[in-house]
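What follows is the residue order along each chain.
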Amino acid sequence: MILSIKGLSVTYQSDDGLIFAVDDIDLSLQEKETLAIVGESGSGKTQSMLSIIGLLPENAQIKGEAFFNNKLLFNQSNNHAEEFRGNEIGMIFQDPMTSLNPYLTIEEQLGLVLKKHLPDEDHGKIILEALNNVKIPDAASKMNQYPHELSGGMRQRVMIASVLMLKPKILIADEPTTALDVTVQAQILALIKDLKDQIDTSIIFITHDLGVVAGISDRVVVMEKGKIVEEGAPEAIYHAPKHPYTQKLIASIPRVDEKNLHHQDAFPNKSIDADNISMEYRIKKGWWSFDTLKAVRNVSCELGQGEILGVVGESGCGKSTLAKSLATMIYPTKGKLKIFGQEANIGNQSLKKITQKEVQMIFQDPVSSMNPRMNIESILSEPLWTHSPNLDKASVREKVISALDRVGLDSSALFRYPHEFSGGQCQRIVIARALMLKPKVIICDEPVSSLDVSIRKQVLELLLTIRKEINASLLFISHDLSVVRQVCDNVMVMYLGQVVEQANVNELFDSPKHPYTKALIAAVPIPDPNIQKQIELKLMEGDPPSPINLPSGCSFADRCAFKNDQCKSEQILTRVDSSLVACIRAREIN
Amino acid sequence: MITKQSRSIWTEAWGAIKKNARATIAFYVLCFMVVFVVIGPVFSSFAYDFTDWSYLAMPPNFENGHILGTDSLGRDVYVRTLYGGRISLMVGIVSTFVSLFIGVSYGVFSGYMGGKIDGFMMRFIDVMYALPFMFFVILLMVFFGRNIFLIFIAIGAVNWLDMARIVRGQTLALKQKEFVEAAEALGVGALAIMRRHIVPNLLGVVVIYITLTIPQVILVESFLSFLGLGVQEPLTSWGMLVKEGAEDMQSTPWLLIVPAIFLATTLFCFNFLGDGLRDALDPRDRQ
Ligand SMILES: Nc1ncnc2c1ncn2[C@@H]1O[C@H](COP(=O)(O)OP(=O)(O)O)[C@@H](O)[C@H]1O
Ligand code: SF4
Ligand SMILES: [Mg+2]
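From first to last, the protein sequence lines stand for chains A and B.
So the first sequence is residues 466 to 1055, counted in our numbering.
So the second sequence is residues 5 to 291, counted in our numbering.
There may be inaccurate statements among the hints.
List of simulated lysine-lysine pairs, DSBU-like, C-alpha gap at most 30 Å [said to hold, decoys possible]:
1. A:Lys903 with A:Lys789
2. A:Lys707 with A:Lys658
3. A:Lys607 with A:Lys632
4. A:Lys822 with B:Lys23
5. A:Lys922 with B:Lys120
6. A:Lys801 with A:Lys817
7. A:Lys724 with A:Lys998
8. B:Lys181 with A:Lys750
9. A:Lys799 with B:Lys181
10. B:Lys179 with A:Lys789
11. A:Lys789 with B:Lys181
12. A:Lys749 with A:Lys724
13. A:Lys922 with A:Lys864
14. A:Lys817 with B:Lys22
15. A:Lys818 with B:Lys181
16. A:Lys632 with A:Lys581
17. A:Lys799 with B:Lys23
18. A:Lys692 with A:Lys707
19. A:Lys749 with A:Lys817
20. A:Lys789 with A:Lys817
21. A:Lys799 with B:Lys22
22. A:Lys817 with B:Lys179
23. A:Lys864 with B:Lys181
24. B:Lys120 with A:Lys864
25. A:Lys822 with A:Lys858
26. B:Lys23 with A:Lys749
27. A:Lys903 with B:Lys181
28. A:Lys749 with B:Lys179
29. A:Lys858 with B:Lys181
30. B:Lys120 with A:Lys750
31. A:Lys858 with B:Lys120
32. A:Lys818 with B:Lys23
33. A:Lys1033 with A:Lys750
34. B:Lys22 with A:Lys749
In case anyone wonders, no lab produced these hints; they're calculated from the structure.
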């Protein structure tokens, strides 16, 4: 046993009394074991790990004891945790940018760590080797780059390298893939899986996403409200969960490999019709020169009345830009966009008036999409103030209360402020705000990404019922493919501003045609250890190229496994079976 | 946890003050000071400009009612100090609010409108900064005579520049927030967005600014008084009193000590209060 924790509690004194961040947990870790700690935000995962590397804030009180290799880490009276940090126990965090110094090159950063722990060795050699171990391509040149010049996935690799180069006995990874796109997440998971076999480091993998750890963990611990509620082999946890909380958690995960049974195909009335639209941003290059960034390129799509159209793709692929244009917050620089039958352009201000009322947006982060200094009543009244200024106070309040009621909140919420609500409740309020004007179209930009899994399901169900009630169309933007599969009728896959595949939801997920769609779907972790352990991931390497100065030809070419000489020409959407695919080889490879 | 009460800026500010012992004391002392300069003179039988010929330059004395003494013209120091306090605090508070009003409006407008308007408005501020304001104030005083309104205007005119810059910076940050974007998508007008969404979220900086600017203004007024450009006799201010007291420091020390204590206490308290609030409220420190 390399680590054993007994009776650990971490408490904080607050205005409302003692808060138990961690409440009397016992935990052990074997040599070379990969332990997954799963739980929703605030369940005490990070706090329990910070205690064993001695990084808890000063006002935290620790109870209990912990041993590393039978050596005391801490107990009631002594705390030696700091002495083990780095060389014996290393930790990486969700956002690598916060752990990296933006002013130092990668070599300098890692050099600093080495200087402290291994002052006498050849740093350059160790660093290069460490970077190669985490499969950073062209490591020698990356050494001289600054963190912001690297992609999120590369930064996380650098962090892993910086921990592993000291050859610690334990690597703690706290949500290392949460901030990354699925494809990059899959790369990092594959890396960790490889490392597991090569080095004799035990790994503690903290996550809120049961899917992520299904394939890599030897043992799973489920935490809720500071307590360990269940512990066991992955097979047992995933297939026969015993504790009600684990059962709820497992049941609430949408699965990308299960059919969507309530999707609809035909939508005769069109709300929005985009014909070959492009959107460009001008990026200042020098004093007088501009680069053109093509955020959206030649996109054609239709949104039927009552339809839920999913838009998926890695971050930066143009999803949000497309959404903004549908809300007439920006206008296409090329192509024709028709909203409710009218053409959208700067000249058409009457359409803008209409869309401000009929097209509503729901943003990713519900908390920051509400003014912290406005109470819920004002937040919900604002749409009415703006669009029905003559409504008297009593009827405004009546409408606000009925909107709250519809999203499952009561009138006691009226005079409270956003920060007094949980993330899930906030998203309900934001949904209520979007419903105030009974819009025809609701644009949801990652509406559940910032919510915990168990709350996600409730919010999604709420969205679906509401859509039925008012027969609105939904543009559902998400990078979470499992959610998209369970929610949408039709799906568009975007890559570098282009739609590369478009089909109805089950067609797209069951038989993806474009190589990018294939890779994207394959990268989604499935919350079932039997499946996930077997899958030999066909990994998509690298990151998408910059949308400035795009190469000509198929934009996916430099990451595509099927590329050949035919791919040099520009790809346009063509029909393959019932899908539209932008790949010249689609017929051959399927 | 849904136990906290509403997040009005004032409750938040008060919560911040309460956490800091120094700021709490400073707050109470200031409240007392304001009340005292307003009602304090009632407890004395002398008017601020009354000359008591029988007691010229008297040290503090309880028997004849001049508890803090008289000046060389026989005027009661206790009453004059409180009257001076009224003027000093008023100059401080009124000027601060004048500059606050101008600065916030200007900064919010400039920051929210952005683009060319913003560029132009900020260049204007740069130009204003470059002008030697103290020099103008002195010139104006020389031409138009000593006038308390001139002092308000002059001081306010300098201070709003800082406020406008700070507020513009904050506005630029707020403009990126999703709730502003949401309001824009909804079609809320520019003025309503500024009023409803931007200004209320600036209150943190504003409160800090108020507590740090009032003492600064009081100090500037004292400085002007020291140059002989303060308020007109027989009105007075703490700065004037300190200046007059300093002239005869050896023979009549109480004329210096009494107003100096009042002035220093007030300045200290404002600064303690401002520091306490800044620690707790400054959005730049809060992540
Ligand atoms: N206001 C802007 N100015 C310049 N570039 C932008 C702006 N907004 C978005 N972009 C760029 O446009 C591309 C598409 O962005 P976005 O639509 O936000 O993607 P997604 O929502 O899919 O993550 C990205 O490369 C992004 O950096
Ligand atoms: S066109 Fe060629 S490079 Fe592009 S996706 Fe198809 S096979 Fe790959
Ligand atoms: Mg986005």
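Results of checking the hints against the structure:
no., hint, result
1, A:Lys903 with A:Lys789, "holds, 19 Å"
2, A:Lys707 with A:Lys658, "holds, 27 Å"
3, A:Lys607 with A:Lys632, "holds, 21 Å"
4, A:Lys822 with B:Lys23, "violated, 45 Å"
5, A:Lys922 with B:Lys120, "violated, 46 Å"
6, A:Lys801 with A:Lys817, "holds, 15 Å"
7, A:Lys724 with A:Lys998, "holds, 22 Å"
8, B:Lys181 with A:Lys750, "holds, 26 Å"
9, A:Lys799 with B:Lys181, "holds, 28 Å"
10, B:Lys179 with A:Lys789, "holds, 16 Å"
11, A:Lys789 with B:Lys181, "holds, 15 Å"
12, A:Lys749 with A:Lys724, "violated, 46 Å"
13, A:Lys922 with A:Lys864, "holds, 26 Å"
14, A:Lys817 with B:Lys22, "violated, 49 Å"
15, A:Lys818 with B:Lys181, "holds, 22 Å"
16, A:Lys632 with A:Lys581, "holds, 14 Å"
17, A:Lys799 with B:Lys23, "violated, 57 Å"
18, A:Lys692 with A:Lys707, "holds, 15 Å"
19, A:Lys749 with A:Lys817, "holds, 28 Å"
20, A:Lys789 with A:Lys817, "holds, 12 Å"
21, A:Lys799 with B:Lys22, "violated, 58 Å"
22, A:Lys817 with B:Lys179, "holds, 21 Å"
23, A:Lys864 with B:Lys181, "holds, 27 Å"
24, B:Lys120 with A:Lys864, "violated, 41 Å"
25, A:Lys822 with A:Lys858, "holds, 20 Å"
26, B:Lys23 with A:Lys749, "violated, 47 Å"
27, A:Lys903 with B:Lys181, "holds, 25 Å"
28, A:Lys749 with B:Lys179, "holds, 21 Å"
29, A:Lys858 with B:Lys181, "holds, 28 Å"
30, B:Lys120 with A:Lys750, "holds, 19 Å"
31, A:Lys858 with B:Lys120, "violated, 39 Å"
32, A:Lys818 with B:Lys23, "violated, 48 Å"
33, A:Lys1033 with A:Lys750, "holds, 28 Å"
34, B:Lys22 with A:Lys749, "violated, 48 Å"
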